[in-house]
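Enquirer: Take the given structure of chain A and dock chain B to it, following the hints.
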Amino acid sequence: MKLQNLAVIFICIALPLSMILSSYTESRVQTLSLQTSYDVKLDNATADAITAFQINAYNGDESILANYKIENIEAAVNTFYNSMRTSFAMGGYNNKAIEEFIPAIVFMLYDGYYIYSPYQNTWDQETIEGTERFENDGGIATYHGGTSSDNSRESLFGLKPYVYYSCRYKRGSTDVVITYSLDNYVSIKGKSGNEVIDKAGYLLSDVQKNNNIITYRGNVINTETNYTERVVVDGQVLDLPCRKINGTKYYYNPTTGETFHFFNSQKTTDNGLTFSITDNSNAIEYYEQALDLRDYINSHPDLKNLTTADALDEEGNDLTEEFGNYKIFDELFNGTIENEDSLFNSHRLSVIKYSVERNLSIAVTNYNNYSSASVNFRMPELMDYEWDEISNNISIISFLQGLPIGAKVYNGYSIVTNNKNQELVSEDSIYILASDGIYHDIKDENLYNGNVNISGAKGYYNINFERKSGFDSTGKRIYYFPVENVTGCYDCIVNKRNLSDSQISDLLNGNSELARIYYTALGRERYGLYRPANDTNFSSTSGDPGGGAGSQNNLQISATVNYNDIQSEATINLTITGDDSDIATISYDNVPGITKVNDKTYRCTQNGTYTFTVRSADGTQTVSRTVQINGIYSNADFIRYNVQPGDYIRYVSPSNSVTILSGDSGYNSTQVINTTSYNSGYWRVLYNNDEYGLQIVSDINIAGDSGLYLGGQRGYNNSVSILNNIASQFVDSNYAEWGRALGTNPADPFNDNVGNVDLLWGGSSGCKDYDNNYNTDLTQLKSYGMIRDSMDIWLASRTYDAEYDSGNNIGYHRWSVRAFSATGNEENKLIFEQNWNSGDNQTSENAGVRPVIKLKDGIQIISGNGTMSNPYVISY
Amino acid sequence: MSDTLITVIAIALAAILMFVFPLMTMSDRTDDVAQLTVETATTEFVDNIRTTGKITPDNYNSFVQSITSTGNTYDVEIEVKVLDENPGKKTTQTNRTTIGENVYYSIYTSQILEVVSPDSGTPKTYGLKEGDIVSVKVKNTNQTLSQQLKNFFYTVTGNDTYTIAAEHAGIVKATGK
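Sequences listed follow chains A and B, in order.
Per my numbering, the first sequence starts with residue 1, numbered consecutively.
Per my numbering, the second sequence starts with residue 1001, numbered consecutively.
To be clear, the hints were calculated from the coordinates, so they are not data collected in a lab.
Please note: incorrect hints may appear among the correct ones.
Output of the computed footprint for chain B on chain A, the stretches with three or more beta carbons under 8 Å from beta carbons of chain B [as the list claims (entries may be wrong)]:
hint, region
1, 408 to 421
2, 512 to 520
3, 622 to 636
The list that follows gives simulated cross-link-like pairs (lysine-lysine, BS3-like), each with its CA atoms no further than 25 Å apart [as the list claims (entries may be wrong)]:
hint, chain 1, residue 1, chain 2, residue 2
4, A, K41, B, K1054
5, A, K443, B, K1054
6, B, K1090, A, K420
7, B, K1054, A, K420
8, B, K1090, A, K41
9, A, K443, B, K1177
10, B, K1081, A, K420
11, A, K353, B, K1081
12, B, K1177, A, K420
13, B, K1081, A, K41
14, B, K1081, A, K443
15, B, K1090, A, K476
16, B, K1090, A, K458
Just a few of them, taken from the derived set where beta-carbon distance is under 8 Å, the chain A residues facing chain B [claimed, not checked]:
hint, residue
17, L3
18, A7
19, T25
20, V29
21, V40
22, A47
23, T487
24, V494
25, K496
This structure is a prediction, so every number in the text was calculated from the model and none was measured.
Where is the CB? At the ideal position from N, CA and C, for every residue including glycine.
Looking at chain A on its own, in the form it has when it is part of the complex (with noise of 0.2 Å):
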C-alpha cells in the first residue's frame, strides 16, 4: 500500500470526525454561552423591577396602602416585562410573547408575598352563553351584557392575592395563627378557651421599666423634641416638627400653628389629634409594646411553651417534620430572641420557605395547563443562602423557563434584593448624622475610636436622606432631602470601607451615648411604620354640635407638656378652641402631683396621666383631653441617665495652693499652682456611668499659660504623681472625694507602683517603666469635643523609647510624658535622655494641666440644662 494512499485513506476518516467534532463543541458552547447570557437578561430584568418598585414607593405618600401597594407592583411587573422584551429584542411585541416563558414572579414585601402567575378567569354562566344585547324588561331597555363561550376560560396573568408569612398553632386549649415578618414584629391572632386573642408588636428581650422609665439593654429612651424634617409646603420647603405615625408623616408648623399631613400628594390638616407631635414619642412606645407583648405572652402559659411541633398545616397535619420540636418565644424570657442565631429566627425563617416554596411549586407546576411552550416547568431549588437572603430583604423572585437554547431547555431563576425602601427598617437602616452635618453608618469605626464628636448626634433612617421634590409657587419643579445640608462620611457611606466586623450590639455596649442615640432612632423609625394592626383614629372627640339655632359650638381642647431644665417637674399648658364665652368649667382630676397655677396651666411633679374636662357654658357640649407625662426623673435618675459625658457643671474648688520644688519637678525653679485662679473656668462631664462614677473634668488648662514645667529624670518619674497631688488640690469635699490627673487609669488612678526599667547596656536606668492607662481618658476627650485648648496637656502616663545606634555602637534611651495636642494627637515630651557615651541629657517641657474631680454619689443637680451658657448647678 503506498504511504499517499495511507495518507488519502486518513484523511477520509480523520477529516469528517474532526468535523463533527467541533460542530458538536460549538453547539455546546453556543449553548452554555446562550444560557449566560439569558442569565444576565434575566437578573438585570429583576433589577429593573425592584428599582421601579423602589423608586414609586419613595415618591409616592400613600405607598403604605394596600391599593397603592398593588398598582406599584402592577407597575414594577411592567417594567420587569419591558426590560426583558427589550432585551430579547421584542420591544415591539406585547407581553403575551415573554409570558409564556415566564411561569411565576414573586414579590417578597414586609408581611406576606404576591405571586404574579397566569389563572383562569371564570365568567358567569350568563356572561358565558348570553351575548351582548338589549332586553326590553318591562319596558325599560336593560343591558345584558356577554362575550362568545372561546374566551370563558381564558387565561389572564395576575395578582394572586397577599399570603401572609403565618402558621397555624394548636396546643391545649389555645388555637392560634402566628404571622411573622421580615424582622422581628409578629402578630397572634386566635382564641385561647373562650378568650380571643390579638396582639401585634415586636419581640424583644431586654426591655425593663422602672418607675416608668423605659430602658432597653441598659439605656435610657426619652421622647424627642426637636425631631425635624423638611417639606414642601404650599410652595417652600420648610424645616418642620414631623411625627410619623402608621406610616404617615404628620408636620407641625409652630408660626402658623397648624398640624397637617399629605394624602394624594394634598395637604390636609389635622384638628385635635391624640398625640403630640412635638414630644415625638414613638420610640417609648415602641418599647413599651414590646414589653406589652412579652408580658402578655408571659401570662399566657400555652403560648409561652408554645413549640413549633403544635404547628399545623390548611389542612390540620402535622408539621413536625418540617419544623422539628422546640419552644418558639424562649429566648425572649431567656437569651436575646434578637439575634440573627435565635431559634425564634430560625423558625421564622423555616416558616417563610415552607411557605413560599408550596406556593410556588403550584404555581409553576400548574404553569404547564397554560402555556403553549412544550417543556415540562419544573420549580428549580433555591439555595440555602438564598433562602437567608430572601427572608431578611424586600426581593423580587422571578423564573424563565422553556426557551430552547441549543442542546437544551433554559431553566433559570433570579433573585434581587433591595434593602434602601419603606418596607423595612432593618438594623443597618439607621444612620447617625453628627453635629458636623456628616453621617455616618452605624459600623464605622470612627465613631467608636473618637474621630467623630458624638454630643448632639441623631439618629435617621437612611432613606430620608434621599432626594425628593415638589412644586414651587410659580409650578416649577424643586428638589429637597427630608434632611438637609448634610453629607455621607467618605470613609462608610461614599467607600463601604472602614466597617467593622463586630454584631451592632457589641459594638453599642461599650458606648452608652451612642446606643441611645441608635435604639432610639431605631425605635422611632420601626413604630411609625404601618401596620393594619394599628389602630387609625386619632382625632380626639369633640363632641356633637349643640343645639340652638345658629350655635356652631365646636369645643376642642389640646395641650402643651414643657418639662424644666432637669427633667424635675412638668408644666401643662391647655389651650382650647372655642369662644371664651362657652367655657363653663375647666376640671381636672386631682390626682397626686398636680397643683393648679391657673385655669390654663398646671404644673406635675410626678409621673402618671392626668385628665382635663371642659364645659360648654350651655352644659351640651363635654370634651376631655388626657396628658401623658413620663419625662419627670427623680434626681439620682435624672443625673444617672440625662447627664452626658460633655455636658457643663459648675464647680467651685476651695482656696488652696500647691507649691511644686524643683527638686520633685526637674525644672530650674519653684512652681505654685493657685486654685483659685480657676474659679470662674468651666468644668464639663467626663465620666458619667457605673464603672467609674461621676467624674468632672477642667474644661481648659489650670495652670495658667505657662503651664506646668516638667523636666529631666526627676520629672519623668514623678508625674504622675505630681500631677495627681495638683488635681488633688481642687477637691472640694462637701461634692467631691478625690482628684486625679487626666491620663491615669478612670477606676485606679493613684496606683504608681511601676516597677523601673533596665538599661540597654545594663544597670537599672532608675526610670519608671510606660503605662498605657492614658487611652481610655484621650478617647473619652476626643469622642465628645472636649479637646478645647489651645496649648498642649500633659497626659499621667509615661512612656519610653530604647534605641541601639550598631553604626556608631551608641545605646540611647529616651524618656518621655505623655500629652496631647490642640488638635487631640498625642505627643510624646521627651525630657531625659540617657546615652552610653556622653551621660544623660535633661530638658524641660511645658504643657498644661487638667484636673480631674470624681464627685460623690449623693450629689443633687438643682438647675442648669448642660450647655456652656446654662451649666448644671450641683449641691450636696
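Expert: Chain B in isolation, oriented as in the chain A frame:
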C-alpha cells in the same frame, strides 16, 4: 530521484496529517471550552457582586480557581466606580431647581486586591453600595497550545496578544451588609 522527493514530501505530509492536524483541531476545541468557562465564570462572579453588594475573598478565590482550572494563566482586571452623591447633594441643596451631578471615583485592581487577597494580613470583604458600577476583564497571558502550533505557520506579533478573553460589568443593586 523524483521518487525520493515525492517520498519525502509524502512522509512530511503524513506527519503533518497524523500528528499536527488532529492536535491543532483538538487544541482549538480546548481553547473554545476554556473561553466558555472563563466567560461563564466572569459573568457569574460579576452578577454575584451585583446582587450581594460585596466582593468576598471566598468568591474571588473561587473565581480565580475556576478560571485557572482551564490550564492557562490569566490577568484579571477589576474596576469599581464608586458613586459619590455628595457633590450632587450640595448642588441641589444650594439651588433647589437643579439636580446636581454625581461623581464616580474609580478604584482599580491592586487597591481591591489589597483588601480581598492581601500579601500579609487577613483578607477582608470589600463592600460596595447600591449605584456603584463594577466591571471585570479577564485576558489570558500564556500562549495556549493552539497558539504555539499555529506559530509554526504564522506568527502573531504585538504586545497584547491573547486568545481567551471575557468581560462583564454592571450596576450593583444592593448595598453589601
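Enquirer: Tell me the hint numbers this structure goes against, listed in increasing order.
Expert: 2, 3, 8, 11
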